[in-house]
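2 protein chains.
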Amino acid sequence: MTIFYNAFHSPIGAHSSFTLGCRGRNGGLGLELGGPADENIYIGLETKKGGQFEALPFYAGTDDEAERYDHANQSRKQDQILAPYAGKKIKREFSLGTDGWQAGDLEFKIYSLAEGVPEPGKGSASELKKLLCPTVIAELTIDNTKCKRDRRAFFGFTASGSTDALNIDQVNRQISGLAKGQATGIYCDDPSVIPAKHMSVEPILKETHSFNYQQHLGSTGLLLCPVAAGTKKTFRFAICFYRGGIVTTGMPCSYLYHRYYNSLADVAKVAFASFSWLKGRAHVADRFLEKKKVSSDQQWMMAHAIRSYFGSTQLLEHKKKPVWVVNEGEYRMINTFDLTVDQIFFEMEMNPWTVKNELDLFTQRYSYTDKLHFPGEESVHPGGLSFTHDMGVCNHFTAPGLSSYERAGLDGCFSHMTHEQLVNWVLCAAVYAKGSGDKKWLKSNLPVFKKCLRSLLNRDHPKGKERNGIMGLDSSRTEKGAEITTYDSLDTSLGQARNNVYIALKGWASYLAMEEIFGDFKLKKESEVASDQAKLAASTIASHLSSEGYIPAVMGENCDSKIIPAIEGLIFPYVLGQKKALQDRGPYGELIRALKVHFKTVLKEGTCLYPDGGWKLSSTADNSWLSKIYLCQFVARKILGFDSPATRSKADKAHKNWLLNQENLRFAWSDQMSSGVAKGSKYYPRGVTSILWMKE
Amino acid sequence: MTIFYNAFHSPIGAHSSFTLGCRGRNGGLGLELGGPADENIYIGLETKKGGQFEALPFYAGTDDEAERYDHANQSRKQDQILAPYAGKKIKREFSLGTDGWQAGDLEFKIYSLAEGVPEPGKGSASELKKLLCPTVIAELTIDNTKCKRDRRAFFGFTASGSTDALNIDQVNRQISGLAKGQATGIYCDDPSVIPAKHMSVEPILKETHSFNYQQHLGSTGLLLCPVAAGTKKTFRFAICFYRGGIVTTGMPCSYLYHRYYNSLADVAKVAFASFSWLKGRAHVADRFLEKKKVSSDQQWMMAHAIRSYFGSTQLLEHKKKPVWVVNEGEYRMINTFDLTVDQIFFEMEMNPWTVKNELDLFTQRYSYTDKLHFPGEESVHPGGLSFTHDMGVCNHFTAPGLSSYERAGLDGCFSHMTHEQLVNWVLCAAVYAKGSGDKKWLKSNLPVFKKCLRSLLNRDHPKGKERNGIMGLDSSRTEKGAEITTYDSLDTSLGQARNNVYIALKGWASYLAMEEIFGDFKLKKESEVASDQAKLAASTIASHLSSEGYIPAVMGENCDSKIIPAIEGLIFPYVLGQKKALQDRGPYGELIRALKVHFKTVLKEGTCLYPDGGWKLSSTADNSWLSKIYLCQFVARKILGFDSPATRSKADKAHKNWLLNQENLRFAWSDQMSSGVAKGSKYYPRGVTSILWMKE
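Just so you know, the sequences run in chain order A and B.
Just add 8 to wherever you are in the first sequence, counting from 1, and you've got my numbering.
Just add 8 to wherever you are in the second sequence, counting from 1, and you've got my numbering.
Just so you know, the hints here were simulated from the structure itself, not pulled from any lab data.
A portion of the hints provided could be inaccurate.
Any copy will do: because identical chains look the same in the list, a pair fits if it lies in one copy or spans two.
Unchecked claim - Think about it this way: if two alpha-carbon atoms lie no more than 25 angstroms apart in a straight line, the pair counts; the simulated SDA-like pairs of lysine to any residue are: (1) LYS488 - HIS217; (2) LYS328 - GLY253; (3) LYS329 - GLY252; (4) LYS488 - GLY59; (5) LYS137 - ILE254; (6) LYS97 - LYS664; (7) LYS612 - GLY684; (8) LYS214 - SER497; (9) LYS690 - GLY226.
These figures come from a predicted structure and were not determined experimentally.
For reference, chain A alone in the conformation it holds in the complex (with noise of 0.2 angstroms):
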């Protein structure tokens, strides 16, 4: 398997990434982007024989085609003084803090932080201003023990991005740099360090004239380090990365370190300041996933989804209050609905008041109410409350109750998800109370909670009689057509809401947690509202089970397509701590074995397994998303009693070979997977519901 795939590597809600490892150009300094950033990184150092370069192979014209290549093509090898390590020398070690790199004499370890924020205002402001450090460090070593002649080692890139130039950045005696205008650069707070520029890497390497180092035409830097005969060094770096005054538009938001950092001259100085604090958080990271029953295929899944959620996260403030945002991959969404109900039980795990924070500007912002159709019906029926799919777009926040995703008139991709993300305020909401005690807010969103309750009885059926706890009808915010689920470009089996077993599960689940926290405040009647309609769910589900041992994606409506996301909504009782509910003879037994027969029935080759053991999440469809697959391995091995290779051992490594594809090394974690190569959801944060496994 390949040791060259791009990883993120991220400051904390900075929304950007040193992005590196996939060979060629694929790497780079993003800020706030949805991919790479496509810039050549330079790392290396002189052979021994001096003249000659050596470079880890990030950047254009490394990849094994050109390599081999250059070899036949002797004439223009000659011309060239810098050539990439043959991948056969190269080693790399991942893990969630490092990141190192080693070949000949050289090393290079990239260090990140992955760890809980503080809530603004809560806590040490000099440790709020460490954290949010917007910067990820290194240091290259280079063992020139065994030889006679002085090397140089470099570090640098040739910068994209803005039109603004790439600069060398004199920030003191100490610190210089490399910057793209007042976003990205590279410092090194080693003084015998040169920074140097020009149109393209050799012609620095080549350069007899000092002078011409400072020289400021061209995009391409290099921080040069000398290094003594005989000697082994060590040189620190901080790729730093800024954005400073507004920087949303719709509701006007900067960034929070934009409290403690003016420039990225700035943040190089803190970031060396802090240099061996953030170095040993780095080191904290990597051991927070050693766990024994952690395999270590689950472990490399982990790091590089936690990674990927960490460069997605954006800590911006509004009016001096803190606004979290994570941003959804590459298409950027802010604080997609139907990914924080999946990342809850990570930022439960590392920031429970950011889950607060979004819920809370979901309700106060982007909440709405509909009326209700059912399905080729004219008339309307009243609908309630509910939530939009995300806050807007790249560094857009939507206006009120409008997501920058859902459109009307539509039964496919695109159209609104108004009932998924109703209950995924509940669940969310409950599992945040919970989580995190926090008596006082839930207490102030009874009312809200009450609201929901009403929602979703009336989307049951408009008369009470009628309902059988689960979705049928849809929202008039979708102008007659129908609505979706966040499995948007799957079929209908996990495409259409109304009536999904998936989607059912879930409302169910939300109504077991209603009875609870309603039951906790001595609301009696909605207590058993709630109460009642969990039932009529259960039961509902359960009843279609059929005689194959299926429960059928879309219940009553002649579809056979088999999901294992039917079982999905199982996480939320468990979290919950609602146990009886889980239980083969508890008060929802019934439903739990159905979900056991219809579990053992569907994964199976063919079903819902591909060949290579990789889960597929629908019998009928060709599209499985990896975060899903891991909240339901979870379900299945803990909650459900399925722990074998099939749900384990196997499946990880079908799974981890899937990131590892050709295809899919460039975006660092993916998602939506076809077969095993990512079509969609690339370079996403989603999946930490991998985070679950720790509680195995």
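With chain A's structure known, arrange chain B on it following the hints.
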């Protein structure tokens, strides 16, 4: 001749342009770009029958090739509801202040300012606010009087550039727009207009659900403009540009307009409030070039060149003091001095304070003192003051005393232009002082003039007796290389500075200017030294007139290239009012007569004329600069008296044809031409040398 050429439509001092006119995806809203923004621009109208739309051909796939292809492919055409107007149906009226398009019932007119900027702090702030408003206004007029159906027109674009979303910006009840992040946007002040967004243009036109107009995925937006049956209506637009905060590195500056504007919406509001004023100013600009002796070909080139100049201007402020920047076209170098010296005639006409502003920054930050060497010799001689080639590049101000361009160890492109920039300072300073009458400034700069004189003497020869009035030594900054001239990519005939007749004549003009300035301030000794050097220079140059009737480009170095710019430097005594110096029988009669003989000899086809009558600056190189041709045309006609079709109408026609060459259409006005094709210096500001034609 095609009407489909790009032109700049730019605010003043905002380094931005709504570039439009070339077919295809070749125009758009460019902020701080060295070329067109490459955005699709949609300006169109529903057909009379309805359901289909026609647009001006400024989006991808509208070149003639594609049009033919589409006609063949009927099945593809059936799906499409938008087609470009046939080229033959489109008319254009292009002038300095207005640029109008007409096709069918649609008329689209863009209004630009073209006038001087008062010195900030000196004039009325409210006037300055309007003048600097970073906007270009436009009107779309739809004549629906002969149609019985309501029709929809539109103006919009597919935004490119930053990673921020295209968003709908509802400024107030009247004004709404489509904005790309906080940077560029198109606004309309008609409340009946609907801003709409989607992933491409046709779905917006086909949309039946008004809810979907506000959808925020996708980068294509249209302002939909309803026109009632039987009516004629004009919609007003403001195309706005904005960059707040600090925008430069090295020397942190913000845009001066940032004093008055805090957002794109602010810009839009003022644009509409000042709409009639702005329109009036554009009409004044239209009339500015109307002069009997200026032909329509000349007016066309001037309008084109002046627009390109304004699009390259950037009025910044640093520590509350204005900083005037002209960016170097596609290269975006800041205040390239060898452009300043050519643009000075225009700036003196428009806003002389900007010349002082540039000169002061050169003196204070971008000057240096070097040493000198003879070609091929090791020993070093005293040098003196000179100035850098430029002040930086792409919004980065280089460190004091350093340009972004000049490198050591070279004798070709990217070498130093020490001697040329030295005479450029002297000549610009003299022209500024003379034209503005700013005695105070002149007096305070006498020490600089003195240093310049000393520096020029040292560059002639270390020993007084050996001097011949022209450059004999190269700067030590070249580190054993040789200096070059502004004609950096031409061959030795104009590339080598030492002994070059072009530089020599500018040196002569510098001595002449200093003779008078020192004389005026009773600095008798300095005045005499300058006078002696002027005489020496003149006789040296004249002495090189060969028996074949030309002065070789590089004198005394076995070069027999013939160059037109031998006469270029005559412009300075002309502008400085030193009429006697230019007379055949005056104190420099021998020089003037020699240059006349020279010019007559070289302006022949096969020598310095292309077959089409276009001017070829050097007999030995196919590399001609239009800005310099314009300048030399004026010198030839007005100073040397060669007024003929070869120096006027025939040449103008050829040069206009060059700019309309298929390969040049995209770059608006370009400077550097090889056989009429722009090979460098595209999208360039320097063509304002043509302002001199107004003095004929």
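Hints and how they fare:
1. When the C-alpha separation of LYS488 and HIS217 is checked against a cutoff of 25 angstroms, the pair qualifies only between copies, where the shortest distance is 11 angstroms, while the shortest distance within a copy is 72 angstroms.
2. Taking the shortest alpha-carbon separations for LYS328 and GLY253, both the intra-copy value of 13 angstroms and the inter-copy value of 19 angstroms come in at or below 25 angstroms.
3. In the homo-oligomer, the alpha carbons of LYS329 and GLY252 lie at most 25 angstroms apart both inside one protomer (17 angstroms) and across protomers (23 angstroms), since each shortest distance falls under that limit.
4. With identical chains, the CA atoms of LYS488 and GLY59 are at most 25 angstroms apart between copies only, with a shortest distance of 23 angstroms across copies and 71 angstroms within one.
5. For the identical chains of this complex, LYS137 and ILE254 are neighbours both inside a copy (19 angstroms) and across copies (23 angstroms), given an alpha-carbon limit of 25 angstroms.
6. Within a single copy, LYS97 and LYS664 get their C-alpha atoms as close as 23 angstroms, which meets the 25 angstroms cut-off; across copies the closest is 60 angstroms, which misses it.
7. Taking the closest pair of Cα atoms, LYS612 and GLY684 come within 25 angstroms of each other only inside a single copy of the chain (17 angstroms); across copies the shortest separation is 70 angstroms, beyond that limit.
8. With identical chains, the CA atoms of LYS214 and SER497 are at most 25 angstroms apart between copies only, with a shortest distance of 23 angstroms across copies and 52 angstroms within one.
9. Taking the shortest alpha-carbon separations for LYS690 and GLY226, only the inter-copy value of 17 angstroms comes in at or below 25 angstroms, while the best intra-copy value is 31 angstroms.
This entry satisfies every hint, going by the numbered hints stated previously.
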